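Engineer: Protein chains in written order, with the working numbering: chain A, 374 to 813; chain B, 2 to 489.
Worth flagging that the hints you see were computed from the coordinates, not collected in a lab.
As the structure is a prediction and not an experimental result, all values here were calculated from the model.
Note that the Cβ used here is the ideal one computed from N, Cα and C, for glycine as well.
A hint or two may mislead.
What the hints assert, rightly or not - Computed spacing ranges between beta-carbons, pair by pair:
(1) A:Val-477 / B:Glu-231: 49 to 59 angstroms
(2) A:Pro-789 / B:Glu-16: 54 to 64 angstroms
(3) B:Ser-360 / A:Glu-674: 24 to 34 angstroms
(4) B:Gly-306 / A:Gly-502: 53 to 63 angstroms
(5) B:Ser-269 / A:Pro-789: 56 to 66 angstroms
(6) B:Asp-288 / A:Glu-674: 19 to 29 angstroms
(7) B:Ala-8 / A:Gly-482: 57 to 67 angstroms
(8) A:Gly-482 / B:Glu-318: 51 to 61 angstroms
(9) B:Ala-436 / A:Pro-736: 14 to 24 angstroms
(10) B:Arg-218 / A:Ala-605: 26 to 36 angstroms
(11) A:Arg-660 / B:Gly-334: 46 to 56 angstroms
(12) A:Leu-672 / B:Arg-432: 50 to 60 angstroms
(13) A:Gly-482 / B:Pro-273: 24 to 34 angstroms
(14) B:Glu-29 / A:Leu-593: 52 to 62 angstroms
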Amino acid sequence: MPMTADMQLGGSGGSSPRGIAVPAPLRAACAQVRPAGPADAVAGVEPGYVAAPADVSEASALLRAAADLGLAVVPRGTGSRLHWGYPPARCDLVLETTRMNRVVEHASGDLVATVQAGVQLDELAAALGAAEQRLALDPPGGGTVGGVLATAAAGPLRLRYGMPRDLLIGITVVRADGTVARSGGKVVKNVAGYDIGKLLSGSRGTLGLITQATFRLHPLPAGTAWVAADCAAAVDAAKVIATAMESPASPVSVELDWPGADDPVRVCVALEGDPPGVAERAVALIRLLEPNAVSVSVLAERPAWWGAGPAARRDGTVLQIGFWPGDLGMVLAEIRSAAGAAGLDPAVGGSAAAGAVHAAALPEADPAAVASFVAVLRDRMGHAHGPPARANVVVLHAPAEVSALVDLFGPVPSLPLMRAVKHQFDPAATMAPGRFAGGI
Amino acid sequence: MTEQSLAGLVPRLTEICGHDGVITDPMELRTYESDGLAAYRCSPGLVVLPSTAEEVASVVRACAAAGVPFVARGSGTGLSGGALPSADGVLIVTSRMRAIIEIDPASRRAVVEPGVTNLAVSKAAQPYGLFYAPDPSSQQICSVGGNVAENSGGAHCLKHGFTVHHVTGLEIVTPDGELTWLGDGTGTAPGYDLLGAFIGSEGTLGIVTKVVVRLTRIPQAVTTLLAAFETTGHGGAAVSAIIGAGILPAAIEMMDALSIEAAEEAVSCRYPEGAGAVLIVELDGPDADVRAETAAVRRLCEQAGAFEIREAADPAERVAIWTGRRSAFAAVGRISPAYIVQDGVVPRTALPEVLDRISALSAQAGIRVANVFHAGDGNLHPLVLFDDASAEQRAAAEELSGAILDECIAHGGSITGEHGVGVDKSRYMPRMFGADDLDTMQLLRCAFDPAGLCNPGKVFPTPRMCGEVPGVRRGPHPLVASGQAEIF
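Same shape as in the complex, but just chain A:
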């Protein structure tokens, strides 16, 4: 970061003068640029300035100016997941998308919506709900469309509808040098050209700024039921989940919640569709799940823990464990065993039938113990198979003392190709430098 010493002399942002004034080229590019304050820190690194472009042309001008000035840029939506990943190696300019908050087009007859990156998921849900439609994304913590895409954040609906990239059909991005590029379009079926939207999905701001996205929508279900099963042990929960997935019940989500090693393991299956059909399926499912559960019941509302498990924690260390769904029983056992060996008792839960669970260690957990937990877990799951690895353990976020001790991303296949892609898109490495896998 340039001129750090001077910045430290400055005030606390807003209109009060800080260490350095906003460089003229940035002011010329965008009407809303201000010196940054401590609240603008990105994973502990305080930027110099914060810019909030009104539209894609201001965003492009800003990135062009930033590139000319050699500034490192970190995109930000509402900041829900800005603490994910490593602290940036450099951070001069935070580029905030929240003013780009328009639903550009909701073609309800086509089940498609085009939205600017700064639109928040709950605002979008309200707009689409008026037409009985939804964007089938429910990541814990919500956030902006751009942020959800950039972090590949998903919630319980991922079992049926997949990740954000699976619903994305068109994207507009601004490259590090200010070039504005589109790929895809606004029709669901389209194979013309490379899919830059997939590439930007989960790229954590390191390849460019997402300014607009077009999504495939789905009708809101007429009816939903939740079938909750409490199990005495993880092995039973794995059986319950396998049974639900093999049944004709056709679950849209299957979530697991296991707050601690000595707690019961709770499973909840969501069914959606025609209300009488949903009711019929729920009743049939109860009978199928009973043999492996302590109790099974149909709920009229989602349980309180739904979407509020370890993935929703903003502090401490949160791991995301991806695996082949059939390995669930083994994965749960390995998580408890690795955590127990490290003296930890993390909350575990998530979209178990989709092959993604999370584990959360508390902020006060000993960093060395957390690091050992991660290392042992990776070791156990990596030894079983491969390639392909069939499992991965990614630390979504961790206190600085922990991220200093662990590789947050673990082994990444094809890292040289990823570096080559980064080099093509951002040769000067100014986009969120150092935040991603392999130091990208």
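Assemble the complex: chain A is given as a structure, and chain B must be docked to it using the hints.
Structural biologist: Chain B only, in chain A's frame:
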């Protein structure tokens, strides 16, 4: 490349693939001169038939070292010339790589080699109550590797999605001959989503050697309805009503009068007499839901003016309903000496307007167009009929095809929904995308294949130079150097 450098490769390639794995005979080479789009022909310089991923990697390394271009080919059923060989290059055919390596029913995953046919995956999964959802109409012969290259869909992708939604890991050979994995089969692999970017890249970023696919539970119930309307306009109204009611069928297909006539002549599909349009609607899912949806679809079709509705009572009747639709492409061969299949897409709600426009363009050009389309997702397959003995007709047909694609683009659609760009539509890419868009896409190409040897000449009308990009800035901070930062 000179013929000499190709000939020089033969001993090395023979060492890798064996004598029966290298084809040099000109007559044999000619059998590989085109894929499913026979309008483009080019005999490959050489053909190799590797049996393992390691052999593919060795072949690619040999090509890369010699600077010889290479093209991968599965079953050769593509419809955009995506597997068109290079005369001065090597065609790498995956037909010997046909092992289904693993079915993991508990994980709903299968690991297969790229030469395995699409349908073979579903057949292998069937005993476990699972199937592989993407179902391109060539599924009996098309290869999974080709499906990955083209991001293939099929009639049922309206509900079930495309190849990219059902592939969770790929082993590939990079254009410089390295074997590596994209994704790990989980769907949450760390790092960039190179897996997602690779699928649908039409063989230009590398060669697939293993595929991890996601399997889907076979639905409890399936209903297939055939509804006959007087016009495509009435059929279109029924489609809008179905989607508007919040129903997502597995498939909604439409055929117009001319394509019905052709199908009738070819396979006697016995669609209702006097139909100006037929709609095939397939619903799948749990019993109770499908029952309710079927009743709703029948009602909505009747309200939209359907004069006859049939419901398949058993699998045989379902096949009968689909026969006319599936045979449509081949059937028009009976009513026209030659035809061009287009693959444009429009937003579904623009279908009536675009169909009217196609009909006007067709009348204007004096060229018949038969319409078969995936009505649920707006993917048109206009069949532009002409007499290839007449150069004039051919030119008029090609012009009409281009005009139809322009209509699709003007309505915010795409030049290709599932057949790919290949060599056939690369010239239309600049009509759909700007120079910066195409340039940005090709950054990906430069990252994977800076030498431009992997399936060259496809997708993009003009290749991007992948020269050295400037490195990281050094020296004093530019803000300081330029004096643009004022210090308080």
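Engineer: State for each hint whether it applies.
Structural biologist: Here is what the structure says about each hint:
1. Look at Val-477 of chain A against Glu-231 of chain B: about 37 angstroms separates their beta carbons, and that is not inside 49 to 59 angstroms.
2. Look at Pro-789 of chain A against Glu-16 of chain B: about 27 angstroms separates their beta carbons, and that is not inside 54 to 64 angstroms.
3. One distance hint, 24 to 34 angstroms for the beta-carbon pair Ser-360 of chain B and Glu-674 of chain A, is violated here, with the actual separation near 52 angstroms.
4. At about 32 angstroms, the beta-carbon gap between Gly-306 of chain B and Gly-502 of chain A misses the expected band of 53 to 63 angstroms.
5. Range check, Ser-269 of chain B to Pro-789 of chain A: Cβ separation about 57 angstroms, and the 56 to 66 angstroms hint holds.
6. For the pair Asp-288 of chain B and Glu-674 of chain A, the supplied restraint of 19 to 29 angstroms holds, since their beta-carbon distance comes to about 26 angstroms.
7. In this structure, Ala-8 of chain B and Gly-482 of chain A meet the distance hint of 57 to 67 angstroms, their C-beta atoms being roughly 59 angstroms apart.
8. About 32 angstroms separates the C-beta atoms of Gly-482 of chain A and Glu-318 of chain B, a value inconsistent with the hinted range of 51 to 61 angstroms.
9. As the Cβ distance of Ala-436 of chain B to Pro-736 of chain A is approximately 50 angstroms, the hint placing it in 14 to 24 angstroms is violated.
10. Hint check: Arg-218 of chain B to Ala-605 of chain A, Cβ distance near 27 angstroms, so the stated range 26 to 36 angstroms holds.
11. Restraint check, Arg-660 of chain A to Gly-334 of chain B: a C-beta distance of roughly 54 angstroms satisfies the suggested window 46 to 56 angstroms.
12. At roughly 53 angstroms, the beta carbons of Leu-672 of chain A and Arg-432 of chain B sit within the given window of 50 to 60 angstroms.
13. Between Gly-482 of chain A and Pro-273 of chain B, the C-beta spacing of about 27 angstroms keeps the proposed range 24 to 34 angstroms intact.
14. The supplied range of 52 to 62 angstroms is met by Glu-29 of chain B and Leu-593 of chain A, whose beta-carbon atoms lie about 58 angstroms from each other.
Figure legend: structure checked against the earlier numbered hints; hints not met, in rising order: 1, 2, 3, 4, 8, 9.
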